[in-house]
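If you want the building blocks of each chain, they are given just below.
Number of protein chains: 2
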Amino acid sequence: MQAQLIALDWGTTSLRAYKLGSNGQVLDQRSLASGIMHLPSAPRMIAGQSCADGFELAFDEACGDWLDAQPSLPVIACGMVGSAQGWREAAYCDTPANVANLGSSLQTVRSLRGIDVHIVPGVIQRSRLPNVMRGEETQVLGVLQNLPVMAGDNLLIGLPGSHSKWVEVVEGCITHFDTFMTGELFAVLSEHSILGRTQQRTPAFDGAAFDRGVQVALSVDGEIGPLSTLFSARSLGLTGELSATAQPDYLSGLLIGHELSALATVHRHRRHSAKLPSIILIGNAQLCARYQRALDTCGFPHVTLAEQATERGLWQLAVSAGLLGKTAPVQPD
Amino acid sequence: MQAQLIALDWGTTSLRAYKLGSNGQVLDQRSLASGIMHLPSAPRMIAGQSCADGFELAFDEACGDWLDAQPSLPVIACGMVGSAQGWREAAYCDTPANVANLGSSLQTVRSLRGIDVHIVPGVIQRSRLPNVMRGEETQVLGVLQNLPVMAGDNLLIGLPGSHSKWVEVVEGCITHFDTFMTGELFAVLSEHSILGRTQQRTPAFDGAAFDRGVQVALSVDGEIGPLSTLFSARSLGLTGELSATAQPDYLSGLLIGHELSALATVHRHRRHSAKLPSIILIGNAQLCARYQRALDTCGFPHVTLAEQATERGLWQLAVSAGLLGKTAPVQPD
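Protein chains in written order, with our numbering: chain D, 8 to 340; chain G, 8 to 340.
I should point out that these hints are in silico values taken from the structure, not numbers from a laboratory.
Just so it is clear, CB atoms sit at the ideal spot from N, CA and C, and this is done for glycine as well.
Some hints here could point you the wrong way.
[Claimed, not checked] Derived CB-CB ranges, DEER-like:
#, chain 1, residue 1, chain 2, residue 2, range
1, D, Thr246, G, Ser48, 24 to 34 Å
2, G, Val227, D, Asn30, 41 to 51 Å
3, D, Ala54, G, Gly214, 22 to 32 Å
4, G, Ala194, D, His45, 24 to 34 Å
5, G, Ser29, D, Ser250, 46 to 56 Å
6, G, Met44, D, Ala281, 42 to 52 Å
7, D, Ala194, G, Pro155, 40 to 50 Å
8, D, Met52, G, Asn291, 58 to 68 Å
9, G, Ser250, D, Ser134, 13 to 23 Å
10, G, Met44, D, Gln207, 44 to 54 Å
11, G, Gly55, D, Ala194, 50 to 60 Å
12, D, Ala194, G, Phe212, 26 to 36 Å
[What the hints assert, rightly or not] In silico SDA-like links for lysine to any residue, alpha-carbon gap of 25 Å or less:
#, chain 1, residue 1, chain 2, residue 2
13, G, Lys282, D, Glu230
14, D, Lys282, G, Ile231
15, G, Lys282, G, Cys305
16, G, Lys282, G, His199
17, D, Lys282, G, Glu230
18, G, Lys282, D, Trp73
19, G, Lys282, D, Ile231
20, D, Lys282, G, Val227
21, D, Lys282, D, Pro308
22, G, Lys282, G, Ser226
23, D, Lys282, G, Asp228
24, D, Lys282, D, Ser197
25, G, Lys282, G, Thr272
[Claimed, not checked] Selected chain D positions facing chain G (Cβ under 7 Å, derived; list incomplete):
#, residue
26, Asp35
27, Met52
28, Leu136
29, Pro137
30, Thr189
31, Thr246
32, Thr252
33, His265
Based on the provided sequences and hints, a complete structural model is requested.
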């Protein structure tokens, strides 16, 4: 099958490239380590010119051969590639944001080989404490496309990660979202704080330690908040009640438990209802499994996992932007 | 005046030495950088022997000349010098703990020059989430000694620091305490997280930015908790609402505000009263000034600062342990 679109998920630490066929079917895909903070630097010939630009080099590695085969394929990209530190800044779109808003706001950068790369803008929520996302908006749109019409009313889309996002959607629009720095906090505490000194990391997931951390966050002892309960990851070790190998997953459960406990509280307030929303999770499978486990413990009634959210979102945005109509007629093989 | 006691406040990063006269009067004092994680290592002659032991070297630097002048002065020390990583481990005493309990539980290590160093144990609270302190117990006892008899009933003693301690006292006993990792969290976030990348540090304190952080923590926006509000230190910068130079003190205020908000909530619950306790703060003057400012904003009605808490506490413990009676008769000068 001939390709219709090259879709790039270009974040801080990685670059995923998809070759998509008709209806967005994935024909080929690749994952490179060339995130915008880890770009290649060795100069190379691109389109007959010597090139040392990291974005050009990464772009060529990711999909140069696909473009050699079909030189007029349209290219769309989302993620930190559109940030101020990216290839070309794509200014945030305000909430509410949907496929039409974002699709009509793509920023372009012309690559050395003459191909325009269309960059999806992030989304900004100008609340008293503003919130921003870049990349997650595309994943959310990819999920919404595949939802039953009525599913959105009591739905919350979760994107666990360094900075978890929890996104409310109404009729296909991103209307509100919250950020939690849970993942980054876990990383800096484990690597740079006193809590890391007694941790012993193992490859296996310690479900009991994780669940214990979640339970502490939800318990009466958790009411004092994470700034205080954090210390229990050390003090339970000092009293011999938490082994060194259990400490990382205990801390992970504790932080995720505090995140979800706060999330449940604010959503009950906002919806004036004790009923919690259904959840769709998008992201890394192992991390989503942790969140699914903790969401169950927190009483969220219905949790599902989304797949192929990014490539579906990029496809939808390309359709909306009319990029596919620009494809030159394909030469037969 | 002849000295009666050498008192050492020996923590992780510093060693403070006091030469105390009758009634605990401070005759001389010194501050060294020789905390237990920064001990000297260059071998030297001590008491006629070549010595490369870091604790011996630091001890000799801190008070060797005082002991040369009065070789039989008793020596007492508190802080991390009594931890598992210290000179000699002094096992924690359980709450409730007072001067008598702790004074009768001193651990001793005999130094190269033949002098016993008496080490104050820390205190452990064996609650579901255990809590420990080491050094702070001595400061609390030093403050209690100087309180009016009736002051303790609705009193909370605060020791801001890397790990803030909030200590409840009843009739001269440490009965309960909480720990908040606020100071260490501020440090690791500023040095190692994305929040630090946009911070620009200046020597001057930005009171308006600090107050704004406190207010956010106390506001309806703060109900989502610190794991989420933390991100505002970045997002307010992205929208141009918080300058790079204001970000450090905003983050400091935000974290301290969340700490004090949680503290107020749990104390109201525990005391079954809307009335907040009076506060005595012990510690670094600049940090205490921040806490005093934030405590006022949080509605704590009466906040005072303690002075000379450590040296007074060490004196009391030495008296209780009978160390002063052991002093050999002083030779006239």
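Evaluation of the provided hints:
1. Thr246/D <-> Ser48/G: 24 to 34 Å: About 33 Å separates the Cβ atoms of threonine 246/D and serine 48/G, which means 24 to 34 Å holds.
2. Val227/G <-> Asn30/D: 41 to 51 Å: With Cβ atoms ~45 Å apart, the hint holds.
3. Ala54/D <-> Gly214/G: 22 to 32 Å: violated, 56 Å
4. Ala194/G <-> His45/D: 24 to 34 Å: holds, 27 Å
5. Ser29/G <-> Ser250/D: 46 to 56 Å: holds, 50 Å
6. Met44/G <-> Ala281/D: 42 to 52 Å: holds, 50 Å
7. Ala194/D <-> Pro155/G: 40 to 50 Å: For alanine 194/D and proline 155/G the Cβ distance comes to about 48 Å; the hint holds.
8. Met52/D <-> Asn291/G: 58 to 68 Å: Holds, at about 60 Å.
9. Ser250/G <-> Ser134/D: 13 to 23 Å: holds, 20 Å
10. Met44/G <-> Gln207/D: 44 to 54 Å: violated, 21 Å
11. Gly55/G <-> Ala194/D: 50 to 60 Å: Given about 51 Å between the Cβ atoms, the range holds.
12. Ala194/D <-> Phe212/G: 26 to 36 Å: Distance hint for alanine 194/D, phenylalanine 212/G holds at roughly 29 Å.
13. Lys282/G <-> Glu230/D: Status holds; Cα separation ~19 Å.
14. Lys282/D <-> Ile231/G: Holds, at about 18 Å.
15. Lys282/G <-> Cys305/G: Roughly 12 Å separates the two Cα atoms, so the pair holds.
16. Lys282/G <-> His199/G: Not OK: lysine 282/G and histidine 199/G at ~39 Å, beyond 25 Å, violated.
17. Lys282/D <-> Glu230/G: holds, 19 Å
18. Lys282/G <-> Trp73/D: Between lysine 282/G and tryptophan 73/D the Cα gap is close to 70 Å, so the pair fails against 25 Å, i.e. violated.
19. Lys282/G <-> Ile231/D: This hinted pair holds, its Cα atoms lying about 18 Å apart.
20. Lys282/D <-> Val227/G: The hint holds at about 21 Å.
21. Lys282/D <-> Pro308/D: Holds: lysine 282/D and proline 308/D sit about 9 Å apart, inside 25 Å.
22. Lys282/G <-> Ser226/G: holds, 20 Å
23. Lys282/D <-> Asp228/G: holds, 21 Å
24. Lys282/D <-> Ser197/D: violated, 35 Å
25. Lys282/G <-> Thr272/G: With Cα atoms ~11 Å apart, lysine 282/G and threonine 272/G stay inside 25 Å; holds.
26. Asp35: violated, 33 Å
27. Met52: violated, 35 Å
28. Leu136: Hint on leucine 136/D: holds, closest Cβ of chain G at ~4 Å, below 7 Å.
29. Pro137: holds, 4 Å
30. Thr189: holds, 5 Å
31. Thr246: holds, 5 Å
32. Thr252: At about 19 Å, which exceeds the 7 Å cut-off, the nearest Cβ of chain G leaves the hint on threonine 252/D violated.
33. His265: holds, 6 Å
Against the hints set out earlier in the document, violations occur for numbers 3, 10, 16, 18, 24, 26, 27 and 32.
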